[in-house]
Structures are given as C-alpha cells and as structure tokens.
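Using the sequences and the hints given, assemble the complete structure.
Each chain, written out:
There are 2 protein chains.
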Amino acid sequence: MKRFVLLILLLGCLTTWTEAQSEQIKLKWELGHSKDAKTPPSKWVPSIVPGAVQLDIARAEKYAPHYYAEHWKDYLWMEDVYFTYRSSFKKPALISDDRLYFRSLGIDYEFEIYLNNEKIFYQEGMFTPVYLDLTDKLKENNQLLVKIFPVPKLPGMQVHKQASQSAKPPVAYGWDWHPRLIPSGIWDDTFLEIQPSARVTDISADYVLNDELTRAEIDLTLSGRNLKGGKYSWILRDISGKDVLKAEGTFKSDEEKVPLTFDKPELWWPHDHGSPYLYTSSFSLFDQSGKQIQDQRSKIGFRRVRLVMNEGGWIEPVKFPKTRSVPPVQFEINGRKIFCKGTNWVPPDIFPGTITRERYARLIDLAIEANFNILRIWGGGIVNKEAFYELCDAKGILVWTEFPLAGNNYEGTPRYLSVLEQESASIINRIKKHPSLALWCGGNELFNTWSRMTDQSLALRLLNSQCFRLDPNTPFMNTSPVMGMGHGYYIFRNEATGEEVFQLMDRSKFTAYTEFGMPGPASVDILKTIIPSNELWPPKAGTSWESHHAFKAWEGNTWLCQDIIEDYFGKSGSLEELVANGQLLQGEGYKCIYEESRRQKPYCSIAANWCFNEPWPTAANNSLISYPDIPKAGFYAVKNACRPVLASSRFLKFRWSEGEIFSAEIWMLNDLPEDVPAGKVTIKLSAGNEQITLLEWNYNKMTANTNQTGPTVRYRIPYWTGNRFMLLLEVEGHPEFNSEYTLAYKRAGKR
Amino acid sequence: MKRFVLLILLLGCLTTWTEAQSEQIKLKWELGHSKDAKTPPSKWVPSIVPGAVQLDIARAEKYAPHYYAEHWKDYLWMEDVYFTYRSSFKKPALISDDRLYFRSLGIDYEFEIYLNNEKIFYQEGMFTPVYLDLTDKLKENNQLLVKIFPVPKLPGMQVHKQASQSAKPPVAYGWDWHPRLIPSGIWDDTFLEIQPSARVTDISADYVLNDELTRAEIDLTLSGRNLKGGKYSWILRDISGKDVLKAEGTFKSDEEKVPLTFDKPELWWPHDHGSPYLYTSSFSLFDQSGKQIQDQRSKIGFRRVRLVMNEGGWIEPVKFPKTRSVPPVQFEINGRKIFCKGTNWVPPDIFPGTITRERYARLIDLAIEANFNILRIWGGGIVNKEAFYELCDAKGILVWTEFPLAGNNYEGTPRYLSVLEQESASIINRIKKHPSLALWCGGNELFNTWSRMTDQSLALRLLNSQCFRLDPNTPFMNTSPVMGMGHGYYIFRNEATGEEVFQLMDRSKFTAYTEFGMPGPASVDILKTIIPSNELWPPKAGTSWESHHAFKAWEGNTWLCQDIIEDYFGKSGSLEELVANGQLLQGEGYKCIYEESRRQKPYCSIAANWCFNEPWPTAANNSLISYPDIPKAGFYAVKNACRPVLASSRFLKFRWSEGEIFSAEIWMLNDLPEDVPAGKVTIKLSAGNEQITLLEWNYNKMTANTNQTGPTVRYRIPYWTGNRFMLLLEVEGHPEFNSEYTLAYKRAGKR
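Chain order of the listed sequences is A and B.
Oh and the first sequence: position 413 is 413 in this note's numbering, straight run, nothing missing.
Oh and the second sequence: position 18 is 18 in this note's numbering, straight run, nothing missing.
In short, the hints are calculated from the structure, not lab data.
Treat the numbers as computed from the prediction; the structure is a model and nothing was measured.
Among these hints, one or two may not hold up.
No distinction is drawn between identical chains; accordingly, a pair holds when it is met within one copy or between any pair of copies.
To be verified - In the DSSO-like style, the derived pairs of lysine-lysine whose C-alpha atoms are separated by at most 30 Å in a straight line are:
| no. | residue 1 | residue 2 |
| --- | --- | --- |
| 1 | Lys746 | Lys252 |
| 2 | Lys639 | Lys701 |
| 3 | Lys319 | Lys161 |
| 4 | Lys432 | Lys746 |
| 5 | Lys322 | Lys509 |
| 6 | Lys746 | Lys228 |
| 7 | Lys322 | Lys161 |
| 8 | Lys552 | Lys322 |
| 9 | Lys322 | Lys337 |
| 10 | Lys62 | Lys684 |
| 11 | Lys653 | Lys322 |
| 12 | Lys639 | Lys322 |
| 13 | Lys319 | Lys509 |
| 14 | Lys639 | Lys257 |
| 15 | Lys299 | Lys395 |
| 16 | Lys701 | Lys161 |
| 17 | Lys137 | Lys90 |
| 18 | Lys319 | Lys653 |
| 19 | Lys90 | Lys43 |
| 20 | Lys571 | Lys684 |
In structure tokens form, the structure reads like this:
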C-alpha cells in the first residue's frame, strides 16, 4: 500500500489549517447499492471521493448528462436505495504511540460506518465531520464501509416539504430553478490520517475589539488529547511575516485557555472599504523531549461586525398604539455603516462534492467584479466548504450565512432538534473563525405563510441559543425577511395588476431588499447544450424548456416571460432576438432595483438580488450567471448599478408614448467612505441617431457615503422610429460615473 | 436560645414545598448604616425581616409615612449608604450528621454575608436565594452580618436609566406613577435551618402533554447531596387524595432522573374556561435504616400553553416586496384559543418585603372579579414571590412573567450578562413549576426608541437562550410590544390632534393591546390621606398633587387631566364633582378599549389595560385600583366590559350635539367556550327622565367563542337638559348581558 503525504495537494481545500507532522493516506473507493439495509450490494463500481453516488452510477452506467433534455429523471430511483462505499487498506506502520484516524469533512446525509464488518459509527447530518480513531480495531488487511441511507423524506409531504424534519438542504427536493435531484454520498475530503497520540484538535482564537478598535482581547483556546505536560507555542505574524504576538506554555490539562492582548491590529475590511488584512497564526506542539509533533497555520482577520438601527428606524412608529421599531439590519463594520450591495448565492452545483476551490474562486471573483460586498448564502442550499470562506476572507467579501432551513415548517421534535443542535454546533465552530462571516441567519423565509414558522419555533430558538453561546459577537437573525425587510417581486411586471418594477420600488420603503428577482433567458449557446434542437424554437411548455424552468416555474409565464418581453418589443423573429430582449429587460429591471435601493439609503441598507448563480443550466432564471460561471448581459447592468459612485435616475415607468411628458429625477450616488468633488452631469435622450440634451446639472461636492438629489428633467416625447430609446447621464471628466437606461417607446395611435 | 419549628407559620409563604424533617430557626435582626464599606455602623435599630432598610429606619427615627405629602423625599439619602443587618445566635444542637444552613429567599440587591467576622458570601441579585452551609464554621456564640451595598446607579444616567446595568427592577428609580424611592434589604423569608446531611434540594417534574392531551410524559428530576443509597418515593395524588401515580427507587448518585407516564390527567384551566385542577405530589426520602428524613409536597397542574398565529395573521402581508407575517400572540391553552382579558400588574408595594400572601390574595381576587384571565407582570417591577404564583395556580389565572428589564438599554457587558444569567436561571427554575405561567417575556418596551434595545441585544439573546434551555415548553417573547402588538394611548383624548379613544381604537388593528391607559383620580377619601388639607382644593401643580402624579407625569395635564374632564362636563364646583367626572371618563374610556379589542377578535387576542394596581396611593393614575386594594369606579366599568357574554356597542365619539345623527353599531360578544342561545336586545337612549327606544334586534344563536355583529342604530339627537345621556342595551331575560354607556351632550348653539 502506498503512503503519501498529501500536504501540498490538500493545502487549503481541507481545513483552515495547514497541518504538518501528520500523514494523510488517500483511500480508493468503490460504490454499490441495494434495496434495503441488510442486503449487501451485488455489484461494485469505481467511486470518486469526494463526489456523489449519482455521479458514480452515471459514470459506470453511461447515463446521459443530467442537465440535458429530461435526463435528470433518470436519477430519481437513487433517492430510495441504500448505497455502500467500500475501501480496503493495509494497516500502516505506526511509530511509537501514533494513532490512525478515519476523517471525513462531510458525508451526506444519514450513514453508518463499518470497519471489518463491525459497525463503529452512526450519524445523521452532513455538516459534522467524522473523526474516528481506528487504531485499536485494525487488522493487517482492513475494509471500511460507509453505508448511506435513502434520502430523508417526511411521509405525506411533497417536494421540499419532505426535508422539513431533517438538516439536509431542501433545495434538491425540487425548487422553481432546481430539478428534483437529491445528491447523496461522501461530499467533502475524506482520508486516513496518522497522528501522534498527543494532539491539539481545536484551536480557537475568539477576540473582542475595544470600542476604539485599537486593541483585541484574544481568548486563545487549545484543546485536544494527551496534552498534559506538552509544550506549545502560538505565534501571530503580520503580512510581512514579522512576529507580532506570541504565547508559549505547558499544558496542564487537555484544554488550555490563554488570554492575550494584541495592540493596534490592522483591521480586516470588505474589499470596497479597505484591505482584507489577514494575519497568520502558527501553532506548534512539542513532546516532552522538545520535538515538534504538530505544526498548524491559519489566518486571522480582526474586524467588528454589528447590526445597528437603520437611520430613521428609531423615530418610527410615530402613532399610538405603538408597536415596536424595526429590527436593525444596517451592517456596521469596524464602526462604519456600510451599504451592502450583494446577491443571493445558491449551491454552485447540484452535487456539492464536485465543487472545487477553483469553482468558488471564479464565482467570488465575479461577485467582486459586480461591485458586490456581501453574499447571502441562502438557507435552501448547502453551507459552503472551507475553501469558500478562505477565499471570502482573502478577497474581502462579507458572508451572510444561513443554516439549512428554507420554506418549511421545521417542527421542533426531539430528534430533529438533536440533529440540528449537532449540525449547528459544527457549522458555527468552523465558520466563526472567518472574518468574512457577517451574520448568522436561521434560514430562508421561515416567517412567511408558505413556511409558517414563528418566533416560538423551537428550532429557531435553538439556533439563536447556539449562536449566542458559541459566537456571541456575530449578529443573529431568525430568518430573512424580518420586519421591515422585503423579499420579491420576481418579475419585471405583475400581469394581474400591470405594476412594473419601477412603480413597485417607488411605493416601497424597506430597511433592506434581500431578495428581488428579474428573470432572464440563458444565452443561445447555453440553450443549445440543454435543449434538443427540435425543441429549441419556438419555446413551448411541456418540453425541456419547462423542466429547465422557462415555463410554469412560478407565477405567470415564468421564467421565460415571453409575453412580457414581446408586449414591450413586439413578436420575436428568432430565438436570438427573444433572448436579447429578455436579457435587456432583466438588466433594466435589476438596475432599477439596485439603484432605487441605493437612493433609499440610509434608511435602506442592503440590496441583494435573487439570485447570483445556479446549480445547473436553466433555460431562464433570475440568476445573473448561467451555470457554471457564465455571466448574462444582466450581470453587467448590475455591475454598473453597483459602482461606488454613479449618476442615477428615478423614473416611474418603462414604456413612454409619443406626445407624453417624459420625466425623470436625477441623482448622484456615493457609497465611498470619502468625499467626491463637485461636477457636472449632462442629461440626454437618444433614439436611433438622434440625441437631445435635456439639462446640465452641476452637482455639489458629495459627502462620504451620502447621495445627492438633483433636478427632475421633463420633455415631451417626440415622434421616433423603433421601439426603444435611451436616457443618458454623462458626467464631465468622469465617464466611469456615466449611466444609461433603455426604455420602451410607443408611437401615438398604434401599439 | 429558643428553637421553634416554623412549619405551620411559614406554610405556603415560604416555597411551593411544605417541608418536614427540617427545623427552621427564626433570627432576630438589627440594622445599622455607615457611609462606606469599611466603617461599621455606629448605631443599631430593630429590624423587621423580611422588610426594607427604609422601613426600619423610618420606624426607629419616627419618619412620617412616605406616602403623605412630600415625605418620600426624606428617604432619598438611604440610596447611597451601606446598611448592615446583624443577628446573633447560639449554635443549635445538631444530631448525628445534621447540618445548619442559612437560607434567604431574597436579599436586595448587592450584598456580602459575614459569619463571625469572616466573609463567607457575596452576591449581586435579589432573585437568587441564598443557601449557605454554616456548620463547619460555627462557634458557640455566632454573629451573622448581611452588608447591603448602596443601590446600583449607572454613572451619568438619570432616573430609571440608572438601573440599566443591573437586574434590579427599575421602577423605583422614578416612574410616572412611582416616586423616587428605591427599596433595599432582606425582602423575603430568611432563617436558619437544620437539615439532615442527605437532602434533595431540587425536585422538578417537567412534563410534555401528547397531542391529544390525554397523556403526560413526566421527567422527574431529583437532585441534592449525599443521596447515594438513599431510597425515595414520589406520589401524585388527585384532588380527593387518591394516589394516581407513584415512583420509588434508590439513588445511584446525587441526581436521579425518573421518566414517568401519567395517563388521562385532569387538565388545569384558567378560571373562566374550566377548573384550575391541581394535583399534589409528595416526595419522601429515607435513610439506609428506612427512616423518613425528608417529606415535601407541592402542587402540579397539567396544561399546554402555546402562542399560535392570530387568525388572519398568515394571509398578511399581501403585497410584494413582502416582509414577514406578524409574530403570534394568540394564547392557546390545552388546544383552545382563548381571548385574554387582563391587566398590567405592578408591584403591590414600593417595599416588596412587606407584601404578604394576603395582599396578593386580595388583589388576585379582584382580578378574577373583574373577569380577567391574565396578568401581565410588568418588567419594570419585581418578579413576584412564590405565594403569588401559588394563588394564581389555585385560582386559575394566567401569568405573563417579565424579567426585570424595562425602558432601558441593557448593554450586554460581561458583568451584567453574568448577573442576568444567574438571576434568570433562579427565576425560571422557580416559576416554571407553576401551571399559571403562560409566557416568559424579556421585559417592557425594549424595542422602542426610549429603550433602544434590539433583537441583537445580548441580554435578550441570553434570556431567550436561558428559557429555551430551562423551560422550552413555555413561550418566550423578547419584549412587549413586538410587531403587530400595540401599547398606548394613555389618555382619553389627545390634546394635540383632538383624537379620542373612540376614534383611536377604530383606526387600530393590532393582534394584541397589551397596554392602554385611562387616567382616573383617586377617591376623595384617599386623596385626603395623601394631600395636606390646605392643598386639596383646587388641585395645583407644584403641590403634593404633583408628586402624587396628578400633574406633569406624562403628556398633557396627566394624570388628573382636569382640562379634558371639564371640557366635557363643565367647570367642577368641588373636588367631589371633579373626581366623579374623572372616574366616569376613566370607566367609559376603558370600556371602549376592552370592548373594541373584543370586537376585533379573532385577529386581536389580548386586551390588558395599563394598569391594575399601584405601589403607593397616587392622586391620579391609570390604575383601576388605588393603593393598596381599593377599586375605583372604573374597575366596575371594566368588570362589565369583560363579562364573558354581553351586548356591546361601537360608536365613534364621546360628545354628541343636539340635532346631530347619533349612530352606533350593536354587537353581541361571546368569549365562552360554548354556544349561547338566540335572544333579543332592545337599544335605547336615555337622558334625564326620558327614554327613547331606537330598535329591537333579534340576534341568532351565538357560536362558542364568536361574536355577532348586529345593526347600526341611528337617531337625531333631540333637545335635552344636562350635559350627558346614556345608550342602553337591554337583553330580554338576560339582564346580566345588559350594557350601558354614558356619553357627553351639547345643546345647539351653546357649548
């Protein structure tokens, strides 16, 4: 049997910790399945770990890709069978008092582990790592089995309601942009590891910053096994590698608490407000002879995050009888109130076992390109792997992390609560170490009628309690939305009321818009990879278009919304034209919401669209990015709307008719933490080759983090050809502040 | 030294438990004070324990009563000195392995305890009992000292804000109906106790009822000291004394957990929905020889309490962007939704040490007479003693219990959180055993601008977590009000807007009205006991009227509101006339709110006025009862408005003019859990000797717990003499359903 040290290979994709003085042994796996728990599999196929049982079977049985046509249906039978992973290994040479561990960072979802046919472990829950000492049970030749139970389904329930008594992400049970395809199996790094018997297994450096943010009081906690008498050192190094803080000592028991004071830390900031400064900590453990037997490194960032009252929140309500003021959702980072521009992140793949650091990096880079500073990790999906948080730490993006509850009523039965207690403790203790963590949230839309949880729900009281006990200095919110926050709408225009996004945003006054959607079709290139050519044009319900969410996904003709697109721009002559017009509407709708949310600052403090990415290629969706990482046109519209400084316009409808008085308010928006000099905006209309200058506005010096309201322009719409025109805002000497809006045009007497 | 067994004397006012096999020894106390912690008192005066340092000093120094004229000011100096209680006792004879304990159920607020000049204990917090084993430190002659620190005051703060870093009830720091007079000292039963060394110190029988409410799964937990090998029995007896459940066993450690199933329990109900059925449990501990060494009895009531969504709550909000649905505040007891009629309970005395079981009993009897089924124990005051909860258990009244936080921003400093953790655990573990407990609430008006706490406040997250861990089956609410609940208004008419309570209630739509006030003056008899005769008439600001809250207490001319009273009824010729008219307005205003809240059922589920009682005699106040237990006229108006079944009317203003069309909706209200047969209401107006019949309405059979809307009567107001008239609703054959309303009248052309 080969033994190889995977140190380099696994760097960073394993844990926050780089570990030396331990050896990791990769296992080779096979997979089989059976109808019940007692029958062993009759056939074994090669397995890729981490991965998913579905992918192993598909590879072995040569299934067509799940995302093409209706092939996702081929995978449905796998929900209800038992899968068994099998791996054989020889007992490795163990020097002195070395121990051999089986470690897995994640097995999805309910499973048993057998060593040499003896059951040695059972767990329900995919977010709690497995860490088993095999040493005393080893033979010369060993066999490990990991038996995966059928996916949990609450009897009598449909789609995602089936997940309402489990801590499994509900999205895969079927959502309006996710097919019914429920992943299962070993989904994160899994290996054998030889370790010395003395071992620090948890290093946490919780800290509190003083009011002036000039000093961190660190509670360093080192815990593990067989530590008594062992010496340790813990060193903090700055970005240049210089030692800035050091602690040394001898363990008196298996847990050592070391209070430390760190003066004048460089603070960690989100990328658009400063530098995401990270220190490196190095921990070393020495045996009695002074030999180093453990060496771990991790990153630490110092920042203070709070949710403070939104400006104007305290003066409401005004009238008696008085109810409460809104709950605060204004993020304050290091004492600075920050307008959060961001998006809702969903699992980047149906099969989380396939998500690599590189996939995370590409998507996070796109989020930064879009001028986002926050990601809401939606509770319907997975809690992301360590690589995700490491990247957010390093790149400076805030992470709103939800527990895996969404759209269901998670009743607080004793069994569910005990699984949730275990899973939440694992999630909190892992992620609380990351400076990018900005908020714990119980889950998605739990206080709405389609979920029916309340402040009394024991599951949410448990999560609040867990976060309070384990990570009190990170804010906690029961769910999104809470009072004063808004979710929706998800279409450009409500067909029942005729209300467009422009009117909807104008009548809205929320502290935060943490979900709002605008559907857009995928590009033609992508459509061709998922829809058979004979179904491509014209799009029809009942075809692959429908199971890829172009039809009957949500209200109206979602998500393709061909009727709305063609009402504004006329019947599409081709797929290309339909896609182009659909993507244009998505971009213009999203711009309206992001910019109007920003104009509502400071009462409003967050704008995050639904959604950023998608776990498989949809035909149409609210996402800005097609699977896996291909931006739609709307992505660039949003990127522009989220620039720190820009000229912006509020207008109240999308289509204007010949002879009507066009009217638009002009604004300058500034989210920068510094002042912006005075300047001039020229406001123009443009149609075809014509350009009309409406006004020049000299705006004043803009105070840091403050918008400026300008004039309202008015102009009688002339006769034009074509079905659209543009509003142009041109900032003298600062083309990077320019904005443009496309609007629909209708000639008099004809529609 | 005399030894006497206080068993009979202390029965019930001590704890829930009747204890045998232990001897309680009463101590005789003296009190002294000094300017600082180190100087011993130079003078000692007799002390009554439980009581208050202020009362001992006042008795010894012959102070005038604190409630007369401005004498409360004489007590102010006592806030800032150290008080020392002193008691001497001879070592009692201790048989075999008996131990001697010092026990106190409550010492207010921060204190040290010394035995023979050695400091043996320190505590901050008045709600955590003291339980000290003195045995090994005893001499033949012993001296106990209890040194009370000055009252806590946060520097730089005024009135009750001074209490915002302590768990001391803030009300006594000054409120708009409470003078500045901060009690201090030993406030609950305190004694020496001889106990065998083996002792069960905590018996808890937590239970969960099954969905059908036909079975209780009981978790009996017995814990204490030196229990290993001891035998125990625990017997549950029904109201006839019959044994219905029994557990016996031998302790294997100092904590024994015994799961028990109890079939078909009689359920505990609030008095207006059934019988407050209580079982008796008897616990016995036996030593190795079989001799009984402990015998304790307590009451258990089986009930399930939930907060469920108010009817109609789930269908809101309707529009996108959607925020959350309101939090539920509909009490469901044993599966039945109950409309809660009640009141806000404040401390029955400035000095809680003087509150006896008899005082509690008289007030609770008045609450039941008023047809109330719930008491909100307002968080500005104390958490009540055991006798209070025992009486509520026995008499069938629900108790909404708040932690001692009100109107402040209790910042989560480490010290404050640790005191709050200790105090809340003591409060929860004591009170959770009472079936009358219906709700834990973090405190009063913490989410409003005058407090500025939020969902993020660590103190509230701690309390939620404590309640979840220690008593998960009782609902928890952060504060009152939360979203959808209303507090206020507190005057009959808003002078700025002219809006009366009748219009205010008509435009309001809340799930619960948990505070609303109507001021009323005290009766003339009471006024004469608090206001010197030369100040009595006419009432003036700047006199004892003002410090007894008749002037400048809150908005406008509160609480006397002479201007409003005289605007409706003309200038008062005497104190008697002013008081009569003021008390009439209070009653009519309160009737409007209680009845309109009930008409808004089922969306609305609670009506509780501000406030029930008062801790000293005010000259005018929103209270229904003058100190200590004297009902105002408004009490009887409220009692009528809260009858389970009554005829009721909605009209939209108080004063009507000659020639105007009087208009009123007629309703029948039914809060009973059973149907009420059909009947007939005759609607009349009456003025002077005249009576006019407007209409007869035959109402249908009334469904259980459901109101019935009837016709609107209309009638042109004729010429009358006098300044008032009445609306009479007479129910044929059921005078107990009749209602009457007094309204103000104005002749045409003259005001």
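Each hint, compared with the structure:
no.	hint	result
1	Lys746 to Lys252	neither (81 Å within a copy, 87 Å between copies)
2	Lys639 to Lys701	within (24 Å within a copy, 65 Å between copies)
3	Lys319 to Lys161	between (40 Å within a copy, 24 Å between copies)
4	Lys432 to Lys746	neither (55 Å within a copy, 69 Å between copies)
5	Lys322 to Lys509	both (19 Å within a copy, 11 Å between copies)
6	Lys746 to Lys228	neither (81 Å within a copy, 90 Å between copies)
7	Lys322 to Lys161	between (37 Å within a copy, 21 Å between copies)
8	Lys552 to Lys322	between (42 Å within a copy, 22 Å between copies)
9	Lys322 to Lys337	both (27 Å within a copy, 25 Å between copies)
10	Lys62 to Lys684	neither (58 Å within a copy, 87 Å between copies)
11	Lys653 to Lys322	between (35 Å within a copy, 21 Å between copies)
12	Lys639 to Lys322	between (41 Å within a copy, 25 Å between copies)
13	Lys319 to Lys509	both (18 Å within a copy, 12 Å between copies)
14	Lys639 to Lys257	neither (46 Å within a copy, 61 Å between copies)
15	Lys299 to Lys395	within (13 Å within a copy, 61 Å between copies)
16	Lys701 to Lys161	neither (53 Å within a copy, 41 Å between copies)
17	Lys137 to Lys90	within (13 Å within a copy, 65 Å between copies)
18	Lys319 to Lys653	between (33 Å within a copy, 19 Å between copies)
19	Lys90 to Lys43	within (23 Å within a copy, 85 Å between copies)
20	Lys571 to Lys684	within (29 Å within a copy, 69 Å between copies)
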